[in-house]
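Could you slot chain B onto chain A? The hints should help.
Here the protein sequences come in this chain order: A and B.
Reminder that position 333 of the first sequence reads as 434 in our numbering, one-by-one numbering, no gaps.
Reminder that position 133 of the second sequence reads as 234 in our numbering, one-by-one numbering, no gaps.
FYI, nobody ran anything at the bench for these hints, they're computed from the structure.
Note that the structure is a prediction, hence the values are computed from the model and not measured.
We put the CB at the ideal spot given by N, CA and C, even for glycine.
One or more hints might be untrue.
[To be verified] Here are a few chain B residues that face chain A, going by a calculated C-beta distance under 7 Å: (1) M102; (2) G144; (3) G374; (4) Y498; (5) P501; (6) P505; (7) N521.
Protein chains: 2
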Amino acid sequence: MRLLVIGASAAGLSAATHARRLDPRLDVTVLEKSNVVSLGLCGLPYFVEGRVPDWAWLLARPPEYFSRMQIDVRTGKEAVAIRHAARRVRLAGGEELAYDKLVIACGARAEPGPEGSFSMSTLAGAIHLREHLETTKPGEARVAGGGYIGLEAVEALRARGRRVALSHAGPDLLDRADPWLTGRIVRHLERCRVEVRLNERIRAAAAGECLVWAAGLRPNVGLAAEAGVETGRSGAIRVTDRMETNLGSVYAAGDCIEVTHRVTGRPVWMPLGTTANKTGRVAGAAAAGRLERFPGIAGTSIVRVCGLGIGLTGLSEGQARQEGFQPVTAIIDARDRAAYFCGRPASVQLVADRISGRLLGGAVIGEYGVEGRVNTIATALGAGMDAEGFAGLDLAYAPPYSPPWDPLLLAGRQLLKLLN
Amino acid sequence: MRLLVIGASAAGLSAATHARRLDPRLDVTVLEKSNVVSLGLCGLPYFVEGRVPDWAWLLARPPEYFSRMQIDVRTGKEAVAIRHAARRVRLAGGEELAYDKLVIACGARAEPGPEGSFSMSTLAGAIHLREHLETTKPGEARVAGGGYIGLEAVEALRARGRRVALSHAGPDLLDRADPWLTGRIVRHLERCRVEVRLNERIRAAAAGECLVWAAGLRPNVGLAAEAGVETGRSGAIRVTDRMETNLGSVYAAGDCIEVTHRVTGRPVWMPLGTTANKTGRVAGAAAAGRLERFPGIAGTSIVRVCGLGIGLTGLSEGQARQEGFQPVTAIIDARDRAAYFCGRPASVQLVADRISGRLLGGAVIGEYGVEGRVNTIATALGAGMDAEGFAGLDLAYAPPYSPPWDPLLLAGRQLLKLLN
Chain A
102 MRLLVIGASA AGLSAATHAR RLDPRLDVTV LEKSNVVSLG LCGLPYFVEG
152 RVPDWAWLLA RPPEYFSRMQ IDVRTGKEAV AIRHAARRVR LAGGEELAYD
202 KLVIACGARA EPGPEGSFSM STLAGAIHLR EHLETTKPGE ARVAGGGYIG
252 LEAVEALRAR GRRVALSHAG PDLLDRADPW LTGRIVRHLE RCRVEVRLNE
302 RIRAAAAGEC LVWAAGLRPN VGLAAEAGVE TGRSGAIRVT DRMETNLGSV
352 YAAGDCIEVT HRVTGRPVWM PLGTTANKTG RVAGAAAAGR LERFPGIAGT
402 SIVRVCGLGI GLTGLSEGQA RQEGFQPVTA IIDARDRAAY FCGRPASVQL
452 VADRISGRLL GGAVIGEYGV EGRVNTIATA LGAGMDAEGF AGLDLAYAPP
502 YSPPWDPLLL AGRQLLKLLN
Chain B
102 MRLLVIGASA AGLSAATHAR RLDPRLDVTV LEKSNVVSLG LCGLPYFVEG
152 RVPDWAWLLA RPPEYFSRMQ IDVRTGKEAV AIRHAARRVR LAGGEELAYD
202 KLVIACGARA EPGPEGSFSM STLAGAIHLR EHLETTKPGE ARVAGGGYIG
252 LEAVEALRAR GRRVALSHAG PDLLDRADPW LTGRIVRHLE RCRVEVRLNE
302 RIRAAAAGEC LVWAAGLRPN VGLAAEAGVE TGRSGAIRVT DRMETNLGSV
352 YAAGDCIEVT HRVTGRPVWM PLGTTANKTG RVAGAAAAGR LERFPGIAGT
402 SIVRVCGLGI GLTGLSEGQA RQEGFQPVTA IIDARDRAAY FCGRPASVQL
452 VADRISGRLL GGAVIGEYGV EGRVNTIATA LGAGMDAEGF AGLDLAYAPP
502 YSPPWDPLLL AGRQLLKLLN
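Okay, chain A solo, but in the shape it has when bound (with noise of 0.2 Å):
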């Protein structure tokens, strides 16, 4: 029985190597059309800003992982067919291969920027760039993009000590649908230094300009619709929470797929490392006759720009009022810490139904703390917690964490008061 999985990064790895874990006998072939298997995206912009210094330090596994796993790593393979009728694919070069159980992790891929454009969504790209950054020198540059791989390499050539502008298309930075967020975000990155514009469309990189385009992120989903395998409304594949497409034995997960959001109920694109992680693993299990689920998202995500940490999960006002919801916002300017430890400025933003009183949502901007705290308002959409149920929670309390009153704890208190 052969498990071939398509693509070595988070989800197809962690596919393959929980199905082996789980079923010692499987035959497991990874298929990788690049050379270097097993790297962290995610950590793409600091490799770019210099922190880390060799790529190789991205590798969450070596390559020894693998074989001493037995499973079978094949770099430089790309498949450009799944004929499913057969349970083959085929590769680049004509050669096939054969499955039982196809699990499909293509990813995501950026649309390809104007001409002379760097991309920081792969590896060659983030290398161009680096390379460019260190040899020509250039004193500015500019991000396209305002999403959190824009604002990634925002942070990561202005600490490169880069004048940097950001272009961002839409009015609304990471698509959020939050003017009060975009706000924020525009007047930290104002007072670092960078100039931001907002319903900017670049369409060409100016003569001897650094221009890194971050936009136009799409789930890589041609190899798979070709199949037949069915998309969803986001244009990326549809899938059961035991991630299993609309073919027998065909799963597929990680940046390619939608998952629910456990807020609205509904399907959602939203690639993100951690998504992929725990989506690979459920089909690794599916694909060795195990039953897990995966439970969907709380939207949660974090990203940091010139020292600023911006946390969200759930629905913005905005997003919730597109959902059908009567949205009530909460926000909140507060210190993460008693002011004898250093506290600073923190801000928490809660949004929750009028009519039932349930939490849709929340963001936390702040220097300190913001992962936690973004978290806890993430264990509450988890738990369907409603506004009384937040404000009433006990939170940790000493002086070098967090005030008194935690920040979450008076939003939750403004927040029903809202609601009353």
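Just chain B, lined up with the frame of chain A:
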């Protein structure tokens, strides 16, 4: 209508200010036996350490705040008897004050240590200790008591460069019945050159020894009990979730009351600043005729000792067994962040009930992100989440903040394995 509040620390002042906001016609009077009002006691260790140069930095509110709020705060006034039949409180010196509503917020008191020992539980004690450290400059010090105040005393004394020994009367630190936790703290302290002696009861200070007494904290209930206010099994005042005592129009809040533990449903005495603020508010609301409820605690706390953060919530395995659960415990050692973000060791312990799968408690130990991770567990406890729900949480990931598999999720997976 007069609201009289006994005690001008976190609980008493929260009650007074909240009642004042809810009912501007109320005559609000607060009695305080010392001359200091609104002092954040949790900051005293950092005053002893010297990080807080002046104790005035620890005032949560400036004195003007209360006059502006038309709250009559009377310092140097010790209540010596509550004559509830007459609705009067007698002060030392004989003066009597009438009340319609009474809030008792007498806090906790440390049992006096042996002669010549120092205390960090009161402002006077902390000032005395700091003066001793700065003038006599003892090279060594001993701390008696391995609760959180004792550990904070160790941190303060080490920060001042003293050799420190810690003696604890029982076998387990932090009152948690958790040998794993005790072992981890002891190893850390020993690496920091702190000598730890468990099961050692100190009865006297050796000649010339700087002994800091941090043991024997008790709820301060004498005044209340003499007036007929009932106490519970813990020895602290028994209250409803509106902070009502057994006497009509008499409420209690803060470190002198017991509160409901949401995991066990039973009353416990766990004096912490954040709970004092919350229960004070609820008592103030009740005194002002408004309905607010305190949902209880999850038993969440955090303490830092010599740079190590220790976050606790819910029950340890030992405590869970005492409460009649059949606990299962997962412990994992991981890294708090990506290696190239200087990720450091972090440990997570999760306890669940074998029968129901329900999460019962957890502990997080590390240098970074401890408060956020323990708050995430506390939120799951607040929601009554089971191990499967916890393992399926969507937590934030980006390299500056966490590894792709957060230590919490690794612990959750481990827990699921043990339960199946």
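Here's how the hints hold up against the structure:
1. M102: Violated. Min distance 24 Å.
2. G144: Status holds, d = 6 Å.
3. G374: Holds - the Cβ of G374 of chain B comes within 7 Å of chain A, reaching about 5 Å at its closest.
4. Y498: 4 Å, holds
5. P501: 5 Å, holds
6. P505: 5 Å, holds
7. N521: 11 Å, violated
Checked against the numbered hints given earlier, the structure breaks hints 1 and 7 and satisfies all the rest.
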